[in-house]
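Engineer: Single-letter residue listing:
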Amino acid sequence: MTAGPWPESSFPPENILNAIADPIFVKDRRHVWVILNDACCRFIGRSRKDLIGRSDYNVFPKEQADVFWKKDEEVFRTGTENENEEQFTDTAGAVHTISTKKTLYRTPDGQEFIVGVIRDNTDKVRAERELSDSRAFLDSIIENIPNMIFVKEPKELRFVRFNRAGEELLGISRAQMYGKNDYDFFPRSEADFFTAKDREVLSGKRPVDIPEEPIHTHGHGDRLLHTRKVPVLDENGQPLYLLGISEDITARKRAEEALHESGRRFQSLVANVPGAVYRCANDKNWTMEYLSAAVEEIAQYPPSDFVGNRVRSFASIIHPQDTAAVDAEVQRAIAGRRPYTLEYRVLRRDGAVRWVYERGQAIYGDRGEVLWLDGVIFDVTDQKRAAEALLQTEATEARARFLSVVSHELRTPLQSIREGISVVLDGVLGKIGAEQHESLSIARRNVDRFARLINGVLDIQRLDVHDLPFAPEPYPADEVIAEAVKTMEPLARKKNLRLESKLAAGSSRLVYDRDRITQVLLNLLSNAIKFTDSGSVTVTSGTAGSDIRITVTDTGIGIRTEDMDKVFNAFVQLRASIDRSTNTGLGLTITKKIVEQYGGRIEARSRLGEGSVFEVRLPLRPAARTDA
Amino acid sequence: MKKILFVDDEEDVRASLSFRLRAMGYDVIGARDGREAIQMAVAHRPDIILMDLKLPDIDGRLVSRRIRTKPGLEQVPVIFVTADATVRPSDNSPLEAYLVKPFPAEELLVRIERLMGQRARFI
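Residue numbers (this note's numbering), protein chains in the order written: chain A, 1 to 628; chain B, 1001 to 1123.
These are computed hints drawn from the structure, not numbers from a lab. Computed from a prediction, not measured in an experiment: that's the story for all the values here. Each hint should be verified, as a subset may be incorrect.
If you want the ones that stay clear, here's a sample from chain B, every Cβ over 10 Å from chain A, calculated [claimed, not checked]:
hint: 1; residue: Val1013
hint: 2; residue: Ser1016
hint: 3; residue: Leu1017
hint: 4; residue: Arg1020
hint: 5; residue: Val1028
hint: 6; residue: Arg1045
hint: 7; residue: Ile1058
hint: 8; residue: Asp1059
hint: 9; residue: Gly1072
hint: 10; residue: Leu1073
hint: 11; residue: Glu1074
hint: 12; residue: Gln1075
hint: 13; residue: Leu1095
hint: 14; residue: Tyr1098
hint: 15; residue: Val1100
hint: 16; residue: Lys1101
DSBU-like cross-link-like pairs, simulated, lysine-lysine; straight-line CA separation at most 35 Å [to be verified]:
hint: 17; chain 1: A; residue 1: Lys384; chain 2: A; residue 2: Lys494
hint: 18; chain 1: A; residue 1: Lys155; chain 2: A; residue 2: Lys71
hint: 19; chain 1: A; residue 1: Lys155; chain 2: A; residue 2: Lys101
hint: 20; chain 1: A; residue 1: Lys431; chain 2: B; residue 2: Lys1070
hint: 21; chain 1: A; residue 1: Lys431; chain 2: B; residue 2: Lys1003
hint: 22; chain 1: A; residue 1: Lys101; chain 2: A; residue 2: Lys70
All C-beta atoms in this analysis are idealised placements derived from N, C-alpha and C, irrespective of residue type, glycine included.
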């Protein structure tokens, strides 16, 4: 097959075709190349000489050549031009995406040719794909980011882009959103605000941050957003779009408010707790990170003194004797992962020692380390004193009960012993001799002394524990004194002593238990008689201010000055010459207790060898009573 | 012969005092507890009763009250004996007296005579 005549005049000269950068070729009706410009030869990778007079089948693989052949035939048959994107592998093996525009050219004498112009689109297609890829990437980010993202056009601020998080938050689909603006969805006041911000961003060409932006949503009611609006500008710096990114901070804000509120509540709670609340380090100073104001009531130091050991450490006010125990218990509690309770003393600013009760626990970090210690300290000094007093009272009462039982159990056998002795001594069972009589007398005297001791001890116990009764009716003071004197007369007479009374209390009446007052008087009188061998015992009464004053004066052996303060002590026998068998040593102790229980005073004055004076003063109107 | 009912769960106390009481011419009968005391009182009609306050079964005061409900015993004098020094007479009945152990026998005899005299006035 030979190439037909080339109608040279119908085509531009070769040098013009070669000046065109796009590959151009002309095929005749047999699909044989008749013209190729330089660009086309370069594109195919063969010299013109190799290509002129040949067809696609001489150059390309059959499948490719078939495609080209078919396209050519379509143009010949229909007479219309076509443009096809085709894959093409060059001689170097590189794949190109080409677009070939094929046109039918018919010469005036009826010959048909195909004119092809090839455009190599490889770079353009790659750029397009890359753009498309990066768009997909961006879309994916925008769609999946948990923040609302919206894009508005700059003129009427209509939405052009909206993401899934936005749809979810506002409860509006993007289909509803596109082409509309804020006024279509939000209350006027809100839309005004959004729009004003948008304008600010677009005119200022600067991003604007709106830290808290309230918005009414369809999906989730009233929310609070943190929104950032950014202008997207073209290369001339003119706004293309407005980009907005909003984070829903409602929950965070609520949490912050709750935290704030709970902080306020904590403060108020701490202020009202009757103890000092603290947070301190587990160090030797108990370095305070926080200490509530109540510590000032306990220690008289302001809390700021202790925070960071600014002025003094908390450890420095713990009683030195308690420091080690406090530390040991806290460390034991930490080791056992349990709270600790402490009771120790603190030294107050004024030097007073206060007892405190403390309860706390360690707060641990992720690795089990102690972050700090949290707890409360209460001043329990008063409770502790009350508890100690109660314990003491209980102990005293228990002792009193014990003594009461014991003395009761002692008395009954004593009865039989005394009567057993007496019945013989008194000759009931027959006459006895002088020595037997004396021996049994000693025995009986000591039984009686034993009984008095029991009574005395019991009496002291009772006076320590119980309040003394008052008389149902006040009685004349002088009357009870006269009775006591009368009772003691036989004893005085036996010792040849004058027992005198000068009673001048007049109409003064006593409200104290009559038996107890009698006991006081008899004790003082018998004491005076006992220690006086000659002379007199004198009783006087009178009023002194709001007191009644009773004195018992004797002319007896007296008391040494250095012994005066021991006179009222139990079991003290100052006068060895006196027969101990008749004296319990408890009389004055009991007397003093009775007088003092009734709010009175007793005093002794004496000079050795010259006698003694015992003076009792009792208030006529007892302080504790308000009876008329 | 005047009859004394001595109520005390301590045999020794009864025995030791009985020597003197018998020597003084009293007929002494004994009872160990409240129940026995009531039986003896009804059976023997004592002229006076010596009664320990703390008996093994019934409180001495209650025993005396029960005895006084029996015919012919309404005015029987009772001397209460106790080892508890804190006990105080519950009333000032002229037919009652209290003695705290240990007491001298003389004191007991004085009380017995005084109460018997009181009783004579009532009868």
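Engineer: Under the constraints set out in the numbered hints, which ones does this structure not fulfil?
Structural biologist: The structure conflicts with hints 1, 2, 3, 4, 15, 16, 17, 18, 19 and 20, although it agrees with all the remaining ones.
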